[in-house]
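Number of protein chains: 4
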Amino acid sequence: MPDSLPQPIEGDPTARVLVAGASGFTGALAAQIVWRHPKLELVAVTSRSDAGKRLDSLYPRYRVPLELSELDLDEIEEIDAAIVAYPHGASAPAVAALRGLGALVVDLSADFRLRDLPTYELWYGEHGAPELLEGAVYGLTEFYREQLRDAELVATPGCYPTASVLALAPLAERGLLADVVIDAKQGVSGAGRGGGEAMHYVSMDENAFAYKTEGHRHRPEIEQELTALGSPAPVTFVPHLLPLDQGELTSCYAQTSEPISKEEVQALYRERYAGEPFVHVVDGPPGLRDVRDTNECHVYVTVEERGRVLAFSAIDNLWKGAAGQGVQNLNLMLGLDETMGLL
Amino acid sequence: MPDSLPQPIEGDPTARVLVAGASGFTGALAAQIVWRHPKLELVAVTSRSDAGKRLDSLYPRYRVPLELSELDLDEIEEIDAAIVAYPHGASAPAVAALRGLGALVVDLSADFRLRDLPTYELWYGEHGAPELLEGAVYGLTEFYREQLRDAELVATPGCYPTASVLALAPLAERGLLADVVIDAKQGVSGAGRGGGEAMHYVSMDENAFAYKTEGHRHRPEIEQELTALGSPAPVTFVPHLLPLDQGELTSCYAQTSEPISKEEVQALYRERYAGEPFVHVVDGPPGLRDVRDTNECHVYVTVEERGRVLAFSAIDNLWKGAAGQGVQNLNLMLGLDETMGLL
Amino acid sequence: MPDSLPQPIEGDPTARVLVAGASGFTGALAAQIVWRHPKLELVAVTSRSDAGKRLDSLYPRYRVPLELSELDLDEIEEIDAAIVAYPHGASAPAVAALRGLGALVVDLSADFRLRDLPTYELWYGEHGAPELLEGAVYGLTEFYREQLRDAELVATPGCYPTASVLALAPLAERGLLADVVIDAKQGVSGAGRGGGEAMHYVSMDENAFAYKTEGHRHRPEIEQELTALGSPAPVTFVPHLLPLDQGELTSCYAQTSEPISKEEVQALYRERYAGEPFVHVVDGPPGLRDVRDTNECHVYVTVEERGRVLAFSAIDNLWKGAAGQGVQNLNLMLGLDETMGLL
Amino acid sequence: MPDSLPQPIEGDPTARVLVAGASGFTGALAAQIVWRHPKLELVAVTSRSDAGKRLDSLYPRYRVPLELSELDLDEIEEIDAAIVAYPHGASAPAVAALRGLGALVVDLSADFRLRDLPTYELWYGEHGAPELLEGAVYGLTEFYREQLRDAELVATPGCYPTASVLALAPLAERGLLADVVIDAKQGVSGAGRGGGEAMHYVSMDENAFAYKTEGHRHRPEIEQELTALGSPAPVTFVPHLLPLDQGELTSCYAQTSEPISKEEVQALYRERYAGEPFVHVVDGPPGLRDVRDTNECHVYVTVEERGRVLAFSAIDNLWKGAAGQGVQNLNLMLGLDETMGLL
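Residue numbers (the working numbering), protein chains in the order written: chain A, -17 to 325; chain B, -17 to 325; chain C, -17 to 325; chain D, -17 to 325.
Extracted from the complex, chain A is given alone in its bound form (with noise of 0.2 Å):
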């Protein structure tokens, strides 16, 4: 849409990278963050439905001047890295061909986040590409980091299993979690750029509803992960939706298997989290608002008056809990630091 576009940020390209999916919220992120990004070159964004246009006339606040085009890997020039961000399903085919090619891929679906092969059938159906599940890291940054760096596949955490394993890790990790809620909360964007009549403005507007009532497929994902950690508990998740663009808030309601006072808690927390670069102890509830448009996850933890522990945590759900951490996780693959293009 503009006429003439100044270059973003001037550095010395270590990586070319491909976004694929690049259209939908989530995908045109990882292309804004890769275009700015002073070490990485974005080589191509793809898109199944939109190829031919531009994607700066779709999000014109992103300003990436490129045009979208169809994935055709015959037609790719050599790339370093690929981010797919395409929707379960349609994920893993795609993935396994950029591998193919020698392409590290950073996939921000749900196609390798489950370990358990049955479990993910369960859930999301056929897999399209089983073979490549066990050579998959789990990409939590601050609990995975090291296999991070040697990874050549990643699977990049649900918004929700990122924001409610951050509030829970440090218990779990001590293996102190007995039974946990998690009344998790998101903006809009998270229910991608489809919806139909139920994310039509109107019927968002002054609105607010749980849904997925009766199952959310993030569940297992964070049963899994607290089970990794620690802490094989039960976990109620009921997920909700607000009437706001971007962010994520999970309200996580624990017993513990022993009692904890709110000192030694915080202070668990604190430890856990000092020096890094996205996960921060705050003093109180995170909001949304201090978390928008950034990689950053807000934490707070207390323990109320009935002996439950309470942990909460903020996200932006296209950040943190997607595109964002994505590319924190591509930073590490390439020997990167693990901030750059993300502060």
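What the hints contain is simulated information worked out from the structure, not anything from laboratory work.
A few of these clues could be false.
Since copy identity is lost for identical chains, a pair holds within one copy or between any two.
In silico DSSO-like pairs for lysine-lysine, Cα to Cα no more than 30 Å straight-line [claimed, not checked]:
no., residue 1, residue 2
1, Lys244, Lys194
2, Lys21, Lys35
3, Lys194, Lys35
4, Lys244, Lys35
Could you slot chains B, C and D onto chain A? The hints should help.
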């Protein structure tokens, strides 16, 4: 503001009503409901801070063309009833004075909600009219209907207790509640007209957060009522603020003392609320838009994969959560149809 | 959705009314107003796209517990009147058919607003029932009241013409308008239930923009009416979309054929609208919140430093801009009080 | 609030910068832009009302971990430049003092925008440093670029004048403007941090209205600049407030001294703004979302059916309308690339 106003719905007044504290959000709505009520006559609207202004200059949309005055007991014309919308603490003395004039009183504050005086003092401070506590009837209409018909002083429940107890009562009555987490979400009108910078449009726009995480005084009120209904369960209660005007959503996570199936619990709720004019058991998680500007409460109950009962309720915090329920009760006190002026 | 619904306000029906196209925003509101009207009986609600659904499942808040059906002229029970909320073009044939049954018809579409057939055809295409054009009365109640009492077919004005003409009419009647710029702003409900991605919550949130800048078909309608009132002035008209649900604001910039002072023009407006039940001349620029969910139009007029007359009007586009004004006119057609069911 | 913060983009600072008044909306953003700027070092942030607080406790999202202090000239470390974000009136003395220290000053207030002292006094009252007026350069970058390179004191234009003049300048330069109506719309952040009840979330939610209809002090500033560019046309200017956070839209209705076609005027605009890094001539009416959190101005121009030129511009009022343009100018004053830190 308008220079000539059509008269509201014509009727043959049964009672002359004063609304004290009519310049706040709940008092103003109470004044409007009374003004348009076919059997009530709004004889005066008072305000401590805005005396001299016309109510329709503060709330044009409510179209009540009356001037606010100071509450002066010597000047009050003969009244049959009063709705008091003062802050807690300030309310009790005003209620006592109005009762002294022989008026039926519907109090919208917290002053007469907690039946146990020490509990009141713990959460709210000294009580201004403890002698009236015993005679006050708790105005959760659906559960105190018979006592309300004979009541002379009614304590309108808090907005959170209204929504929470309506969501949980059918289980509580059966003694089934073993442990309850209530994650409540409310629009900004719930915080009242003040609030300063924290309630500035720019502060709340695209924001959402928990508050009072270390203890909110609606928790003892909820526990009082669940206990009264038959389930003395511990309650974890955390309120959140959402970027919208009117509306309140509770998401309740209940562990039951014995297992209950989805079919059983849904049947229990439908049976319990059958015939209730304002409580509707709906077929999926309720949304705030559906109840905006109504006196309705929409309730949905289900059982999630882990066996927890999930109960959701949506109300308009200013209507069923305050002024609407206040008039619902006043109708009963006056022998009128409970729904009059509220449909 | 609710399993039992209280009956709306009791009354002694004067007329049996059908609402066609009740699944759109304006039709649904028309159905609700009729449903709650003390002298109208809502006998059927029809929908081309949602037949078989209950209206209160689409619009829970309106609480009309009737099932939508196809419009089948052979199946229609005896009706006295119909409100037609079809898109332009589709409306004319339906109106003709309903008139053929002898029903009074209030049309909410554009099909009978333009008295000049070639102008209609230029902006809207072929006309489906040109023979009815001559008998149709333009339903801007405040200026066609007498004709409306005898009308059998009423064309409800467009929302923008309603707000614009009410803002300018007192000047137009005096022949004072020399040149007019109308900058109009509307909430998203004005765009109707469709709209696809452009009306997605994420597209409109924190957004605002002009549209139809090269020509909007409400301009000839506004010019027709200002001319009819006495001022055949050229009109520049640009509509904008705002991030809110219901509401429409016009800011009119008028050059007058002779100078007029602020005092004179304010007196002129107050005099002209004195006694009007729904048009209120207010003391400062009107706000959309003040008229939300009402049939009111708030008008403010002043003269700015450079001598231009500024006239502002605020309405609820679904009420005074469509369904509310439709019922206001139906009241007149049926010999009822104009305000009945609308206060 | 965060306990450890990653350092922003690394660079080799060219200038040490103080931001005075950093607790207001525009000052806080100025501080953030400087903080993240590769060639500027943010050495101090001052506040008259919030000294002692950390800036990131007031604006977590901006992530500037510095403590606000009082502005104490004796305590100021050596600085090369200052950005002053005080209210008009309060700004002039602070600017004079900072100039006395030899610092380059970018003033975000109105104090040095109007070149004519009597006009300033008429609209703003007594001037606190009239001796500096003559040397101040008006910081509408696109039209004063050369003077800005040598400036020592820059008056950043008002947000409305920025958007309005950018929308009209190509016509003004040709002397084509005969009469102009500007209908401007702005988000709530434009009203600043104060505002009391009128800016309460509940007051602005679902609301929109005109204000200052009898005269806004940005009008003389707009006229000054259009005249300076070549068109001393009378301007009618009316601002409106919209229910959103950041963003400003102007819709300009211009009568030209001679006819101009749509093709001609669009070519004129494209030519005039070709090569401008931040002003983009777009293909349709611009939307606020497209420029949110950017320093861009999107402009669209067309000619409507009646021959009037319509020109639309969209900016982020805090960026191009204040702090962003301030830094754009500071870059020029310091000999840096104009876009540095702003892309």
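Worksheet entry | Violations among the numbered hints, reported as their numbers in ascending order | none
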